[in-house]
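For the sequence shown, the positions run 1 to 1230 when UniProt numbering is used.
Rather than coming from a laboratory, the hints here were simulated on the basis of the structure.
Watch out, some of these pointers could steer you wrong.
[Unchecked claim] Taking lysine-lysine pairs in the BS3-like style, the calculated list, with each CA pair at most 25 Å apart, reads: (1) 512 - 548; (2) 192 - 85; (3) 85 - 268.
[As the list claims (entries may be wrong)] Derived CB-CB ranges, DEER-like: (4) 510 - 90: 13 to 21 Å; (5) 623 - 483: 51 to 59 Å; (6) 329 - 91: 55 to 63 Å; (7) 751 - 557: 43 to 51 Å; (8) 751 - 550: 45 to 53 Å.
Given the structure is predicted, the values throughout are model-derived calculations rather than measurements.
The beta-carbon is built from N, C-alpha and C at its ideal position, and this holds for glycine as well.
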Amino acid sequence: MESYPSEFVCHILPLMFVAGLGPPPAPPPASTPPATEGAPSAPPTDPFLALLGSLRKAMTTRKSWHVWDNSRGVNNDFHIISVDKNVRFPPLKARPSSSAQQPPPALHSPISPLSHSSPLYPDGIMAPIWIRKHREMVPSVFVLVLRLGEYNFATTGPLDTANKEEEERQQDGELVREILERKRSTLERGIKLAVVLLCSRRLLDDPALDSRLSLIRRQSGLDSRASLFVISPVPQSEVNNFVLSLRAELFPAALDYYREHGRRVRRKRARQVPKGGLSDKGWTVRYDYKMGLFSEMRGEVEVSLKHYEDCYDTLVEMFSHQSLLAPRTKRWAEAKVLADCLTVKVSKMYLYLNEPSRAISQLNRHVARFRELSNTWGIGEQTFEFWSWSSKQYRLFGDLVAIGMRAGFRLPSLRPPPSTRLPPPGAPTPSLIPPNVLQHPGYYFYLAGTCAVERRERFRALVQADAAKVSENGEPAPVSPAVAHETKVDHAEIIIELFTKAYEFFKAHKTKNMTFYVASQIALAHYEGGNYEMALKFHDRISKNYRKDQWRTVLDSILQLSADSALRIGDHEAAVRCLVELLAPSSRITVEERATYAASLQEVLTTKAPSSPGTALVSVDMSEVAPLFDCHLAFWKPTGDIGHSIPFQLALTSPPTARSSAFVFSKLELHFNDDRPPVVVSHTDSLASSSTATEFVQLGDVGDASQAAGSEHSAALSWGDGSTKVFSGVVSSAKDLSLTISKVTLTAVVGDWTLSFALLPQAAQEPVWRLGDKSFPLQHGSPAVCNIRPRDLAIDVSIKHDAPAYIGEAFDIHVDVANQDEVEVEVWLDILLQPGEDDSPNQLMIDDQVTPSFVKAVSLGTLAPSASLRKTFQLSCIGSPGDRQLDLSIRSQPVSSQSAGEPSTAASPSTEILRTLTIPAIRPLHCAFDTHFHERRRPVKPLLDLTELDGWEGASDVSVVVKVHAAGPWDIEVSGLRVVCEDGRGLRVTQSSLTGLDSNLALHWRPRDLYNAILRLDVASFVSSSNDNLAGAFFEVLWRRHGSSAPPTPLRIPLPSFVPPPLNPHITLSLPPSLIVHQPVTLIYTLSNPTPRLLRLSAQVDSAPEAGTFVFAGPRKLPSLILAPSERREMSVKVIPLVVGRCRLPRLRVFLHEPGVAIEPTEEQQEPLAPEDKVTELEVVVEEAIRLAEGEQAEQRGGLEEELRAARLNAGDDEGKRVGGDFSVLVMPR
């Protein structure tokens, strides 16, 4: 920004003059010796001088004008200048001399275009001097610092008040006169005058101080608000606070001052345009700029932006009319500078408002508009003037963004805003247009540098064209001032400076590729400027990155420039390296260019001598640069044993586009990655190269690392373009490693130079093994590496077991280990039992160890060659059936007691064999229970029986059929069957079919054998459905696998849940299977009360559903009766059948009466209502011997009784579904 006036580009702040602070103290002379410790201290300074220094330090903190201002009026910032008390302001108007014949002209400012003495006369638009006037010469606030007079009581004493008042009156009068003198100059310009009075701390406590200050303010005509301030000698921190408050009080006055200026300019703009040389649009530009500047000084960013944009638009419109601004004139050049600075102003205001896209839009609009105008002025895109101007614009904008970022401005994010909605199909994808997005400053410095490069090229073309005209005409062409000025410009310096700034910003923003590209442009600028040494340094630095990222096109251009730069400065070693890399087939240059560089390399090697003997050897690491040859390595096998030979092939291919035929190498070295010396192949002319495309060189057995010297071989080490040499051999190793060829070195001696090329062998994309003219593909993944490892011990492991295993038994697993090796080995066994899905507590048992999960390092002993052993361990499967998984590790190693005279073995120090077993575990027995509850229960002891209770009163009688069958595939032996009731307090066995079994029971059960047992049990009445009281009741079977000597395994099967039927009153009907017509029969109804409470019952007899089928004698409604707890009572009804066939009996209905709940009285009722009984009809059932348990399958008894029962139930009759029930009987004839 130094090329533009600072008045046009800097941010303008309100101006404040401060008078009375005095000049700053001069620094002490350098010859003054420093004070010593013994020297007397300096006398104390005047506190008011120190106070003035503190005020000067606090007020004049801003030493210069800044382009960017973060506060913009928020912090009440002023640009404060310390001036003399007698400072004079510039004159308001200038009156020219007038004669008697002419009337006096109107008054104008000395810098107005209407004043003859103005630099803008007659048609200038705006000059920096006008901005400088308001920025540095005419303040908005004038602060006058004075000292308030104080009476000295040291001579007269504290009681001399008369002299004190008189002296203070005289001193105050002098202050008033000084203030009035200054006020005359500030009043005529509307400048705010403020007075700061300095007084001592003692004077602050004087009660007469307020009256003195009021008198001074009235007599001097100061404003009543923010015009008079008082401060006493205080520390610097309090002085800073005072200055802040002073600025805050005076800032509104400054705003009013510039607001009034803006109004005055607006009134001028609205009036008729003054007559003169400046056009109407010129006056509009001038007025808009003034209003924008005054708005900027007030901190009104949006208002100033509006005026600056109007000013810019009008100014650009003036450029379109050459009658207003003629090209290549002084006013035209001034207007161009003003337009450029207005673009900076507008862009800066947009950045203030956090609208970066509009800021960059202003720049793009400015460049595009002036590109069009430049074509009309004759300085378009084909001239260096346009590119010079464009470079300045981008540089100016880059400086603006850089200054803003240093001040805290943040670049906008380039990420699209997050959205939870997907765009509809076919909708355009939102994207960012890079030219419309504000980038970091490096981008604009790069554009400026690119324009500077174009500027240089256009100027060179112009110079060459002029030189061509001179050669044709023989006379030199006239040189324009622009060309003469451009001749003095150092283009390389400008380009390097711009690209260097761009490089720093791109590097700071971590854009790697762009950073290196800009660095290459810097190197190119050095090369074009003739600084070849610096260009070579830059190229060496950046070529590493392009080589690493394989940007061959850019790398080739860098290598070409580096080679030329090295040859120009005489650095032949660097030139050789660059030329060798250009010969690589991976370079993107043409074959003709590669041949040219090969000839240049030969010329350098044969005609140029090394600069020193130490530089005669040029080593080129082809792993870092593009190699001359394709170097492919392949081993026949991916793995090998120690001491065994492994075949390998190394193929060196010269691509057809390479020019490696110019080299004849003296030797080739193969470096393996172990400690062996390199395998050397020397060149010999006696062996002519084969005419075929592929030539084989047999290396034989190259040995291992124990050899003292490497093997040496001979071959013709010259390659034709497109030829291949295959070096075949076998190699062995005595170490455990990944064997490969780490480096292949080709050495060539040409003249005084020795070239050493280090190649890195790699695996081909499609690895093959070559045999003559044929090739066979290799299937292993990494053919360039052979893993050499110790030989595994020849140990054979077999595992035997009889699966499946039974739950609960100790299942035997046999591990057989055989040593088929030639050495004695020691063997260990590790077993890991994987946890089951149900976390069942399975166990491993081996020797004396019992563990639920892991057995480690069980020694199996020492095995001699050809010996074997067996180890047996047991697996105890507990829990639910399923698979049990075991991981076995059999580790073996040679016996360490090896004599020193025996040769070392290549066997592995330790061999591990892994096996995984899956053992299915099943239950040996399956057991099923059939449960039958009897209707009869044990009687309850009468109420008057005082004997002790045994707990089985009211117990249910249950019959259980136990069905046990062998479920596994193996025979088992059963030695015990019994029912165990350890903790079952609510269950006892009354009868069992197992009672008579022999204590020495020995049953042999085969698969699917079935065994039944019948049990008769008593279930206590307190047993609930949760079966908690039956937790210790099991059916136990003692068993073991047939033929096993292990002790029997107890298998306990929990008994099923026994839930007795509920205790409810019931009525049972007892009747014969059939009736005889006309023969009386008695129906016996049994009423039972199994509950522990008294029951009140009532009954009635209904007629038979079919009239005329039965008659009966007796009352229909029977009297009510009371049943005591556990009481049974019979009721007889005598009937006579009248017809033959299936007939339904008369129905007996029994009702249970339970007391109800009393009803609360209502408001009309005085007494509560008597409770009503709850009446429930009881069910009548036919007497049966056995009640089927719910959910159980009961065996049906056949015969006539079952048929009669089915007839009585009368299934399918809706009336038979009533509570009392209708029963059908078969009436037989006589």
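Here is what the structure says about each hint:
| no. | hint | verdict |
| --- | --- | --- |
| 1 | 512 - 548 | holds, 13 Å |
| 2 | 192 - 85 | holds, 15 Å |
| 3 | 85 - 268 | violated, 33 Å |
| 4 | 510 - 90: 13 to 21 Å | violated, 52 Å |
| 5 | 623 - 483: 51 to 59 Å | holds, 53 Å |
| 6 | 329 - 91: 55 to 63 Å | violated, 30 Å |
| 7 | 751 - 557: 43 to 51 Å | violated, 29 Å |
| 8 | 751 - 550: 45 to 53 Å | violated, 33 Å |
Checked against the numbered hints above, the structure violates hints 3, 4, 6, 7, 8; every other hint is satisfied.
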